[in-house]
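Q: Sequence:
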Amino acid sequence: MLSFTRRSLTALAAALLLSGGALGQNATSLTEAQVGQVRDTDRVMGAADAPVTFIEYGSVACSHCAHFQETGFPAVNEAIEAGDVRFVFREVITGQPNIAIAGFALAHCAPDEQYFDVIDALFVNMRSIFAALQQGTAQTRYEEIAAEFGFNADDVTACFSSEEAIAAVQTSNRIAVEDGVRSTPYFIVNGDRLLAEPGEDGRVYTVNGAPLTDAEGEIPADHQPDTMRRIIALYKGG
1 MLSFTRRSLT ALAAALLLSG GALGQNATSL TEAQVGQVRD TDRVMGAADA
51 PVTFIEYGSV ACSHCAHFQE TGFPAVNEAI EAGDVRFVFR EVITGQPNIA
101 IAGFALAHCA PDEQYFDVID ALFVNMRSIF AALQQGTAQT RYEEIAAEFG
151 FNADDVTACF SSEEAIAAVQ TSNRIAVEDG VRSTPYFIVN GDRLLAEPGE
201 DGRVYTVNGA PLTDAEGEIP ADHQPDTMRR IIALYKGG
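Residue numbers (this note's numbering): 1 to 238.
Treat the hints as calculated values from the structure; they're not laboratory data. Here the structure is a predicted model, which is why all the values come from computation and not from measurement. From the three backbone atoms N, C-alpha and C, an ideal C-beta is built for every residue, glycine too. One or more of the hints may lead you astray.
The calculated label-pair distances, taken between Cβ atoms and stated as ranges, are [stated by the list, open to error]:
#, residue 1, residue 2, range
1, Gln-134, Ser-183, 21 to 27 Å
2, Glu-163, Ala-210, 27 to 33 Å
3, Gly-136, Thr-41, 49 to 55 Å
4, Pro-198, Gly-150, 15 to 21 Å
5, Arg-39, Ala-215, 20 to 26 Å
6, Ala-233, Gln-135, 41 to 47 Å
7, Arg-43, Ala-158, 29 to 35 Å
Capping the alpha-carbon separation at 20 Å, the derived lysine to aspartate or glutamate pairs in EDC-like fashion look like this [unchecked claim]:
#, residue 1, residue 2
8, Lys-236, Glu-218
9, Lys-236, Glu-216
10, Lys-236, Glu-78
11, Lys-236, Asp-49
12, Lys-236, Asp-226
13, Lys-236, Glu-81
14, Lys-236, Asp-214
15, Lys-236, Asp-84
16, Lys-236, Asp-192
All chains, please: the whole structure from these sequences, using the hints.
A: Spelled out as structure tokens, the structure:
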């Protein structure tokens with residue numbers, strides 16, 4: 001079991017119960033426009049007037065999300081810096097639920113300007129966090145990661161017991177469920193849901209059941225940098 005203190009472990013367990021622990025609840029009815037809009041509660045990078053709004057629903061306990069962060073996100077970040085993409089990250093409790101809740105709580109406790117840096121550090125260190133979980137030293141591993149951002153051990157324990165931080169994670173997960181998200185990473189680009197489905201040469205991204213296609217053909221459903229560049233170029237041009 002994760003070696004949090006008794007108080008922080010109790011708080012995280014309560015959060016897990018209240019959030020449902022996974023994406024299994026029924027979604028409420030939202031229009032596609034509502035789902036694709038940038039919300040006041042969203043974590044955002046990039047210019048507000050960027051032609052492409054790229055929304056990722058992700059989890060810091062999701063290995064596929066970590067793979068996207070390592071391979072595909074650098075291409076997205078290039079477009080953010082060029083002024084072409086407004087990037088939105090929405091938190092979801094997938095993967096190991098207590099790891100997801102703990103990681104997101106830690107990110108919420110950091111100053112706003114450090115939020116994305118903490119998220120990136122959690123993705124980079126995901127394997128070591130899971131290894132520490134197996135060894136019963138996860139609290140120590142979180143403390144080591146948090147120290148890079150000026151946290152001490154007491155700060156980490158307080159964060160994992162923070163009702164405000166945990167409530168924010170619960171709310172993010174509930175909204176993701178209402179948005180119809182069932183797995184991560186999950187992308188919405190300029191209001192279009194990009195789903196991975198079978199195509200002519202393997203799995204491709206589709207929108208409303210039709211393959212996402214540019215001048216090169218169907219766009220593969222992977223996290224490679226070239227794929228992200230093709231998606232961004234397609235929506236920028238559209």
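Q: Each hint: holds or not?
A: Do the hints match the structure? See the list:
1. Gln-134 to Ser-183: 21 to 27 Å: holds, 24 Å
2. Glu-163 to Ala-210: 27 to 33 Å: violated, 45 Å
3. Gly-136 to Thr-41: 49 to 55 Å: 35 Å Cβ-Cβ, so the 49 to 55 Å window is violated.
4. Pro-198 to Gly-150: 15 to 21 Å: Given about 48 Å between the Cβ atoms, the range is violated.
5. Arg-39 to Ala-215: 20 to 26 Å: Violated, at about 33 Å.
6. Ala-233 to Gln-135: 41 to 47 Å: holds, 45 Å
7. Arg-43 to Ala-158: 29 to 35 Å: Between Arg-43 and Ala-158, where Cβ atoms are some 22 Å apart, the hint is violated.
8. Lys-236 to Glu-218: With a Cα-Cα distance of about 17 Å, the restraint between Lys-236 and Glu-218 holds, given a limit of 20 Å.
9. Lys-236 to Glu-216: holds, 16 Å
10. Lys-236 to Glu-78: This hinted pair holds, its Cα atoms lying about 14 Å apart.
11. Lys-236 to Asp-49: holds, 12 Å
12. Lys-236 to Asp-226: Holds, at about 15 Å.
13. Lys-236 to Glu-81: It holds: about 15 Å lies between the C-alpha atoms, which stays within 20 Å.
14. Lys-236 to Asp-214: holds, 12 Å
15. Lys-236 to Asp-84: holds, 7 Å
16. Lys-236 to Asp-192: holds, 13 Å
Comparing the model with each numbered hint stated earlier shows that hints 2, 3, 4, 5, 7 do not hold.
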